[in-house]
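There are 4 protein chains.
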Amino acid sequence: MYTLKLKTRYSETDQGGIVHNSAYILYLENARIEFMQQMGVDINALENEGFLVPVISQSVKYLRPLKSLEEISVTVKIEHLTNVRFVFSYEIIHDRVKVLEGQSEHCLLNKHFKPVRLPNNIKEVFLKNYQ
Amino acid sequence: MYTLKLKTRYSETDQGGIVHNSAYILYLENARIEFMQQMGVDINALENEGFLVPVISQSVKYLRPLKSLEEISVTVKIEHLTNVRFVFSYEIIHDRVKVLEGQSEHCLLNKHFKPVRLPNNIKEVFLKNYQ
Amino acid sequence: MYTLKLKTRYSETDQGGIVHNSAYILYLENARIEFMQQMGVDINALENEGFLVPVISQSVKYLRPLKSLEEISVTVKIEHLTNVRFVFSYEIIHDRVKVLEGQSEHCLLNKHFKPVRLPNNIKEVFLKNYQ
Amino acid sequence: MYTLKLKTRYSETDQGGIVHNSAYILYLENARIEFMQQMGVDINALENEGFLVPVISQSVKYLRPLKSLEEISVTVKIEHLTNVRFVFSYEIIHDRVKVLEGQSEHCLLNKHFKPVRLPNNIKEVFLKNYQ
Chain A
210 MYTLKLKTRY
220 SETDQGGIVH
230 NSAYILYLEN
240 ARIEFMQQMG
250 VDINALENEG
260 FLVPVISQSV
270 KYLRPLKSLE
280 EISVTVKIEH
290 LTNVRFVFSY
300 EIIHDRVKVL
310 EGQSEHCLLN
320 KHFKPVRLPN
330 NIKEVFLKNY
340 Q
Chain G
210 MYTLKLKTRY
220 SETDQGGIVH
230 NSAYILYLEN
240 ARIEFMQQMG
250 VDINALENEG
260 FLVPVISQSV
270 KYLRPLKSLE
280 EISVTVKIEH
290 LTNVRFVFSY
300 EIIHDRVKVL
310 EGQSEHCLLN
320 KHFKPVRLPN
330 NIKEVFLKNY
340 Q
Chain F
210 MYTLKLKTRY
220 SETDQGGIVH
230 NSAYILYLEN
240 ARIEFMQQMG
250 VDINALENEG
260 FLVPVISQSV
270 KYLRPLKSLE
280 EISVTVKIEH
290 LTNVRFVFSY
300 EIIHDRVKVL
310 EGQSEHCLLN
320 KHFKPVRLPN
330 NIKEVFLKNY
340 Q
Chain S
210 MYTLKLKTRY
220 SETDQGGIVH
230 NSAYILYLEN
240 ARIEFMQQMG
250 VDINALENEG
260 FLVPVISQSV
270 KYLRPLKSLE
280 EISVTVKIEH
290 LTNVRFVFSY
300 EIIHDRVKVL
310 EGQSEHCLLN
320 KHFKPVRLPN
330 NIKEVFLKNY
340 Q
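Protein chains in written order, with our numbering: chain A, 210 to 340; chain G, 210 to 340; chain F, 210 to 340; chain S, 210 to 340.
Check before you lean on any hint, since a few could be wrong.
Since the list can't tell identical chains apart, any single copy or any two copies may satisfy a pair.
In silico DSSO-like pairs for lysine-lysine, Cα to Cα no more than 30 Å straight-line [unchecked claim]:
1) K323 x K216
2) K276 x K286
3) K320 x K286
4) K276 x K323
5) K307 x K320
Hints are computed from structural coordinates only; laboratory data are not their basis. Model, not experiment: these values are computed from the prediction.
Could you put together the complete structure from these sequences and hints?
Here it is in structure tokens:
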């Protein structure tokens, strides 16, 4: 589990006066990449070795609007794990209220965009950080 | 049902060499807003009257990667409708292959961020364009 | 010279109710990349050959605000050209009024991020489209 | 003068493998808004009072590329000030090397998009922070 503290950016708002729904998607990615890096799974290193770590699917519930320059906490954990796929779940909290919950599903692709079995070291570290 | 033709932008790619997952979310919004406008439901007019039309939830399956400067078709239709909520479903096609399918759920909020019953004219036009 | 017609996107607005200044930067890039492609200089092909075409500098004057879902014309032309660098100039027009003017300066970098002399075929096609 | 520490985001990269030029524009805005807030000039409060603080012009030199997940320092100071306009200048430093320098020019607009004289309290605090 990992929690990233962020501040919503002015540029992430839209004319409705609230943070645009696409910005949350980037918050989740930020938290996920930091979580992976903390576990020793560096996205830059993986890509240099020829892998991609795409989002296969994601689903998000927007529970409360956010305004610009608000402090938020994005918590990410490993929700599910197979030999090929892994699922992260997320919560965003602002001012002690949950404003978003969501999930994203991932795999590793090789250079030909084909899914590959998770390398043992990644699977082990994900298992260790399970829940 | 409405289909918007778009071209993926260079700036929407990421260092993995493919279009970033968040860009698709904007493609869906573009198609949805054009579809609504074609039905006579203008987002700018709605917001000027004091309403917001937020995304309450969305879920997306990424089936194939996209590269920069590729032509895509984003098709949106009304999937579900109640007195308060409405759901759009989407498909993105590139080169006759489906690259994404997804859904987004919406409601109307008043100035105090409270959900309101859909105005009759909106409900009627949505019903007329159902499926 | 090349003119790209675009429609401002809802997601490009900010809480001020107008299109965010960073969105214009993407409009200019879109027009520039289409212009180059029309001249036979394909950015994807160049990058596959190991070149980058970075922005070295850019300057922009914002003359009028834009709102969401407005039709605009982005005109780009080659302003200046040396053996190494090239400058594009831009105008954005909405409703017969100029809303932006700007310039961007570019070069070709090799894989080691070192500037290289412009290949002859590129220099020739740029010269032919000068002004 | 104010310095904001940031980390470049994965999503801010493009297929060239480096941070996209438009992302820097957002870094500058982030630093500027934090600087203003630190001086007591809150952008949200200003907009609630009916003002906009648009970018009138900006110019940027990109000196070095940035990669994803790199730590940067964005320094902003007040460069110039009149009764109506104010100019910020910026530097971005990564790993003790300057990667960007730039300027942005601003004014206050009222609800009719007309420039107004800077309120005394803002002019005073800007003068006090003049470097």
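Here's how the hints hold up against the structure:
When the C-alpha separation of K323 and K216 is checked against a cutoff of 30 Å, the pair qualifies only between copies, where the shortest distance is 25 Å, while the shortest distance within a copy is 36 Å. Taking the shortest alpha-carbon separations for K276 and K286, both the intra-copy value of 25 Å and the inter-copy value of 26 Å come in at or below 30 Å. Within a single copy, K320 and K286 get their C-alpha atoms as close as 27 Å, which meets the 30 Å cut-off; across copies the closest is 35 Å, which misses it. Proximity of K276 and K323 under a CA criterion of 30 Å is satisfied inter-copy only: 16 Å between copies versus 40 Å inside one chain copy.
When the C-alpha separation of K307 and K320 is checked against a cutoff of 30 Å, the pair qualifies only between copies, where the shortest distance is 21 Å, while the shortest distance within a copy is 38 Å.
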